[in-house]
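> Sequence:
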Amino acid sequence: MICPQTSWTVWIKYGSDYDCFASTLYLSAVKANAPEKVESELLDLVEASKRSPSFAQFMKDLTVPKVTRIKALTEICADAKLSDVTRNFLCVVATSTLPPVNEEGNMQIEPVAVLERKMVKRNNRVVVQWLVQWSRSFPEDATWIDYEEFLSKFPNFQP
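Take 12 as the starting number for the sequence shown in our numbering and just add one per residue.
One or more of the hints may lead you astray.
Computed list of lysine-lysine pairs in DSSO-like fashion (alpha-carbon distance at most 27 Å, straight line) [as the list claims (entries may be wrong)]: (1) K129 to K164; (2) K132 to K77; (3) K82 to K92; (4) K61 to K92; (5) K132 to K92; (6) K77 to K92; (7) K48 to K61; (8) K129 to K92; (9) K48 to K82; (10) K61 to K77; (11) K61 to K82; (12) K132 to K164.
FYI, nobody ran anything at the bench for these hints, they're computed from the structure.
Modelling step: build the complete structure from the supplied sequences, incorporating the hints.
Here it is, written out as structure tokens:
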């Protein structure tokens, strides 16, 4: 699965889950004197995955054995005449466990803990809010969310 973004710096914003890939890919592309080519190839792959749901699903499906994924990616890259840097990167990513992403390409987060609870007055009624720590974040990055909204999004969460 590739991160559907359009610049090197955006890749790095994903934090520890993506920065090692983004940094390594960028350095490899620069070393090969091909950062623009690699970026263009990745953008083309993103577009291809948008046009081909089966290709997109294949890239996300971790039940496909790694050997099968690598063989298929190697063939796809050869047919598309992609650079070695891009091919190697896709094979590494395809065999790695990355965090799940939603349809917009943003990491899906899950609640980890409820740090505080409070009641606020809104439109002459009391609303319960929780301060929630999310996966892949620090406690100081916790956010307040209305209890009812939280419950609708995460009905099985046990605080």
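> Which of the listed hints are broken here?
2, 5, 8
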